[in-house]
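Quick note, the sequences are listed as chains A and B, same order. Residues in the first sequence are numbered consecutively from 1, following our numbering. Residues in the second sequence are numbered consecutively from 1001, following our numbering.
In case anyone wonders, no lab produced these hints; they're calculated from the structure. Please read these numbers as outputs of a predicted model, since none were measured by experiment. Using N, Cα and C, we set each Cβ at its ideal position, and we do this for glycine too. Take these hints with a grain of salt, some might be off.
Straight-line distance between alpha carbons at most 27 Å, and here's what the computed DSS-like set of lysine-lysine pairs gives [to be verified]:
#: 1; chain 1: B; residue 1: K1039; chain 2: B; residue 2: K1052
#: 2; chain 1: B; residue 1: K1081; chain 2: B; residue 2: K1060
#: 3; chain 1: A; residue 1: K185; chain 2: A; residue 2: K98
#: 4; chain 1: A; residue 1: K218; chain 2: A; residue 2: K178
#: 5; chain 1: A; residue 1: K98; chain 2: A; residue 2: K66
#: 6; chain 1: A; residue 1: K197; chain 2: A; residue 2: K92
#: 7; chain 1: A; residue 1: K218; chain 2: A; residue 2: K185
#: 8; chain 1: B; residue 1: K1023; chain 2: A; residue 2: K67
#: 9; chain 1: B; residue 1: K1039; chain 2: A; residue 2: K92
#: 10; chain 1: A; residue 1: K197; chain 2: A; residue 2: K98
#: 11; chain 1: B; residue 1: K1069; chain 2: A; residue 2: K92
#: 12; chain 1: B; residue 1: K1069; chain 2: B; residue 2: K1081
#: 13; chain 1: B; residue 1: K1069; chain 2: A; residue 2: K98
#: 14; chain 1: B; residue 1: K1080; chain 2: B; residue 2: K1066
#: 15; chain 1: B; residue 1: K1052; chain 2: A; residue 2: K67
#: 16; chain 1: A; residue 1: K178; chain 2: A; residue 2: K92
#: 17; chain 1: A; residue 1: K75; chain 2: B; residue 2: K1039
#: 18; chain 1: B; residue 1: K1023; chain 2: A; residue 2: K178
#: 19; chain 1: B; residue 1: K1081; chain 2: B; residue 2: K1093
#: 20; chain 1: A; residue 1: K218; chain 2: A; residue 2: K98
#: 21; chain 1: B; residue 1: K1066; chain 2: B; residue 2: K1081
#: 22; chain 1: A; residue 1: K67; chain 2: A; residue 2: K92
#: 23; chain 1: B; residue 1: K1039; chain 2: B; residue 2: K1023
#: 24; chain 1: A; residue 1: K98; chain 2: B; residue 2: K1066
#: 25; chain 1: A; residue 1: K98; chain 2: A; residue 2: K75
#: 26; chain 1: B; residue 1: K1100; chain 2: A; residue 2: K75
#: 27; chain 1: A; residue 1: K66; chain 2: B; residue 2: K1039
#: 28; chain 1: B; residue 1: K1117; chain 2: B; residue 2: K1134
#: 29; chain 1: B; residue 1: K1023; chain 2: A; residue 2: K176
#: 30; chain 1: B; residue 1: K1117; chain 2: B; residue 2: K1100
#: 31; chain 1: B; residue 1: K1023; chain 2: A; residue 2: K66
#: 32; chain 1: B; residue 1: K1151; chain 2: B; residue 2: K1117
#: 33; chain 1: A; residue 1: K218; chain 2: A; residue 2: K176
#: 34; chain 1: B; residue 1: K1080; chain 2: B; residue 2: K1052
#: 35; chain 1: A; residue 1: K197; chain 2: A; residue 2: K185
#: 36; chain 1: B; residue 1: K1151; chain 2: B; residue 2: K1134
Computed far set for chain A versus chain B, every beta-carbon distance over 12 Å [stated by the list, open to error]:
#: 37; residue: A33
#: 38; residue: A106
#: 39; residue: D155
#: 40; residue: F202
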Amino acid sequence: MAAEEVTLDGHIQHHLTNAKMCSTDAGLAFNKACADSGFWTWHVDTLAWSIGLGLIFLWIFRSAAKKTTIGVPGKFQCFIEMIIEFVGNNVKDTYHGKSSLIAPLALTIFVWVFLMNLMDLIPVDFIPAFAGFVGETVVGVDSHDVFMKIVPTTDINLTAALAIGVFILMIGYSIKIKGVSGFIKELTLHPFSADSKVAMVFLIPFNLLLETIALVSKPFSLALRLFGNLYAGELIFILIGAVGLMQLPLHFVWAIFHILVIVLQAFVFMMLTIVYLSMASSDNH
Amino acid sequence: MNLNATLIGELIAFTVFVWFCMKYVWPPLNNAIEERQNKIADGLAATERAEKDLELTQAKMAEQLKEAKAQSAEIIEQAKKRATQIVDEETQKGHDEREKIISQGHAEVVAERNRAKEELRQQVSVLAIAGAEKILERQIDAAAHSDILDKLVAEL
């Protein structure tokens, strides 16, 4: 181990790099070949893990929904109904309008994000090492060129996609409930208002600036909060994984603490989504 | 930052998941929960009603029991009275019967005595005449003194 520091750095870098896929003139290319493919690069590990976990979520809940009974529920149904009721109560307490979308949206976000965060508890080297082994033996590439990031929420693309989805819904609800003019008024006539029309017109740019920042900061905070928490957690797991035998107690303690983070971040994302959509669909500013 | 086409893929996935959840997951589960809640509420209300009914029935039952007890007591009282009455009547009847039998016997005894007396009188008169005939022998004419004899018989 002559170049240990380089190895550690490389190790961390390796862990924090997504498996990439892009199409080049020569057809589909992967990883290092995609270094300068720009926007049209796909993180196949993020996509595969997140969609896989999303399908697991839907499969579990759909199978519960199919077997659902009004009579005495089984233990599995009780468990699923507990989650449904938990999300439903939060939606009912926070969102006062009528919408058949908010509750399923909140449920999807909560469970999906939770499952994706949960991948953080799988020891950091297990699956990347396995993927490297498979890449080396089956495909025949250097195991250092096989990348596998199994926690999709540590990829800004995923958290940004969720936040953008919520942002689109926020604007949609604002326009649906308040109308286009109501939405524009909300953006331009608050928080500063004056009695005279002239002063009002004068204040519009300031209001627009403030309100736009307030509006846009919401998806940013959503995306960056989840990404930041999970990325930092993942990074610490990787660092702990590099300190030799001492990693066992350290990993244990950090993993226990991380259970809290995992659930909390999923819950926070769900709650903020409900709150933002509730604000978007209520008239009084 | 490292934004790329993954964002679009995830956005599509997110949309599809939410749509599927809204269409096939949330409504059946939520409906089941709500329907069960209604059922439980109905059940509780029914239990309450049944409890009230039970209370009412119990009160009614107690009242009926009381009534029945009173009635039975009355019937027993009546029966006792009737029994006493029957005993009294029978006693009276027996008494009367006895009286009748006794008085009959008495009358019979009196009649028997009278008859015996009459018979005795006749016999005494015959005996007296026979005695007097023996004492007086021939001087006495039975026919001539029959009035005296009759008087004697009457006196006996």
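Evaluation of the provided hints:
1. The hinted pair formed by K1039 (chain B) and K1052 (chain B) meets the criterion: a straight-line CA distance of about 20 Å does not exceed 27 Å.
2. For the hint linking K1081 (chain B) to K1060 (chain B), the alpha-carbon distance of about 31 Å lies beyond 27 Å, and the restraint is violated.
3. Distance hint between K185 (chain A) and K98 (chain A) is fulfilled; the C-alpha atoms sit about 23 Å from each other, no more than 27 Å.
4. For the hint pairing K218 (chain A) with K178 (chain A), the CA-to-CA distance comes to about 19 Å; that is within 27 Å, so the pair holds.
5. Taking the CA atoms of K98 (chain A) and K66 (chain A), the gap is near 25 Å; set against the 27 Å cutoff, the hint holds.
6. This hinted pair does not check out: K197 (chain A) and K92 (chain A) have alpha carbons roughly 40 Å apart, beyond 27 Å.
7. Restraint check: the Cα-Cα separation between K218 (chain A) and K185 (chain A) comes to about 19 Å, which is no more than 27 Å; the hinted pair holds.
8. Our distance criterion of 27 Å between C-alpha atoms is met by K1023 (chain B) and K67 (chain A), whose separation comes to about 16 Å.
9. Using a Cα cut-off of 27 Å, the hinted pair K1039 (chain B) and K92 (chain A) holds, with the two alpha carbons roughly 21 Å apart.
10. Restraint check for K197 (chain A) and K98 (chain A): not satisfied, since their Cα atoms lie roughly 35 Å apart, outside the 27 Å limit.
11. Pair hint K1069 (chain B) plus K92 (chain A) does not hold up; C-alpha atoms about 61 Å apart against a cutoff of 27 Å.
12. Taking the CA atoms of K1069 (chain B) and K1081 (chain B), the gap is near 18 Å; set against the 27 Å cutoff, the hint holds.
13. The hinted pair formed by K1069 (chain B) and K98 (chain A) fails the criterion: a straight-line CA distance of about 65 Å is larger than 27 Å.
14. At most 27 Å may separate the alpha-carbon atoms for a hinted pair to count; K1080 (chain B) and K1066 (chain B) meet this at roughly 21 Å.
15. Between the alpha carbons of K1052 (chain B) and K67 (chain A) the distance comes to roughly 37 Å, so the proposed pair goes past 27 Å and is violated.
16. For the hint pairing K178 (chain A) with K92 (chain A), the CA-to-CA distance comes to about 21 Å; that is within 27 Å, so the pair holds.
17. About 19 Å separates the Cα atoms of K75 (chain A) and K1039 (chain B), which keeps this hinted pair within 27 Å; it holds.
18. In summary, the hint linking K1023 (chain B) to K178 (chain A) is supported, as the alpha carbons are separated by about 26 Å, within the 27 Å threshold.
19. For the proposed pair K1081 (chain B) and K1093 (chain B), the alpha carbon gap of about 18 Å is at most 27 Å, so the pair holds.
20. With a CA separation close to 22 Å, the supplied pair K218 (chain A) and K98 (chain A) stays within the 27 Å bound.
21. A C-alpha spacing of about 22 Å is found between K1066 (chain B) and K1081 (chain B), which places the hinted pair at or below 27 Å, so the restraint holds.
22. Pair hint K67 (chain A) plus K92 (chain A) holds up; C-alpha atoms about 25 Å apart against a cutoff of 27 Å.
23. This hinted pair checks out: K1039 (chain B) and K1023 (chain B) have alpha carbons roughly 24 Å apart, not beyond 27 Å.
24. Simply put, K98 (chain A) and K1066 (chain B) have alpha-carbon atoms about 60 Å apart, too far for the 27 Å limit, and the pair is violated.
25. In summary, the hint linking K98 (chain A) to K75 (chain A) is not supported, as the alpha carbons are separated by about 31 Å, beyond the 27 Å threshold.
26. Distance restraint check for K1100 (chain B) and K75 (chain A): the Cα-Cα separation of roughly 98 Å exceeds the 27 Å cut-off, and the hinted pair is therefore not satisfied.
27. Taking the CA atoms of K66 (chain A) and K1039 (chain B), the gap is near 20 Å; set against the 27 Å cutoff, the hint holds.
28. Taking the CA atoms of K1117 (chain B) and K1134 (chain B), the gap is about 24 Å. The hint holds against a cut of 27 Å.
29. Proximity of K1023 (chain B) to K176 (chain A) is assessed by CA-CA distance (about 21 Å); at most 27 Å being required, the pair is judged to hold.
30. Distance restraint check for K1117 (chain B) and K1100 (chain B): the Cα-Cα separation of roughly 25 Å lies within the 27 Å cut-off, and the hinted pair is therefore satisfied.
31. Of the supplied pair hints, the one linking K1023 (chain B) and K66 (chain A) holds, its CA atoms being roughly 13 Å apart against a limit of 27 Å.
32. Note on K1151 (chain B) and K1117 (chain B): the hinted pairing holds, with a Cα-Cα distance of about 16 Å set against a maximum of 27 Å.
33. Between K218 (chain A) and K176 (chain A), the direct Cα distance comes to roughly 19 Å. Compliance with the 27 Å bound is thereby established for this hinted pair.
34. For the given pair, K1080 (chain B) sits about 42 Å from K1052 (chain B) by alpha-carbon distance, which is inconsistent with the 27 Å threshold.
35. Under the criterion of a C-alpha separation no larger than 27 Å, the hint pairing K197 (chain A) with K185 (chain A) is consistent with the structure, at around 14 Å.
36. In summary, the hint linking K1151 (chain B) to K1134 (chain B) is supported, as the alpha carbons are separated by about 20 Å, within the 27 Å threshold.
37. Every beta carbon of chain B lies more than 12 Å from that of A33 (chain A), the smallest distance being close to 15 Å; the non-interface claim holds.
38. With 12 Å as the threshold on Cβ separation, the claim that A106 (chain A) sits away from chain B is violated: the shortest Cβ distance comes to roughly 10 Å.
39. Annotated as non-interface, D155 (chain A) brings its C-beta within 12 Å of a C-beta of chain B; the closest such distance is 7 Å.
40. F202 (chain A), annotated as away from the interface, keeps every beta carbon of chain B farther than 12 Å; the closest lies near 37 Å.
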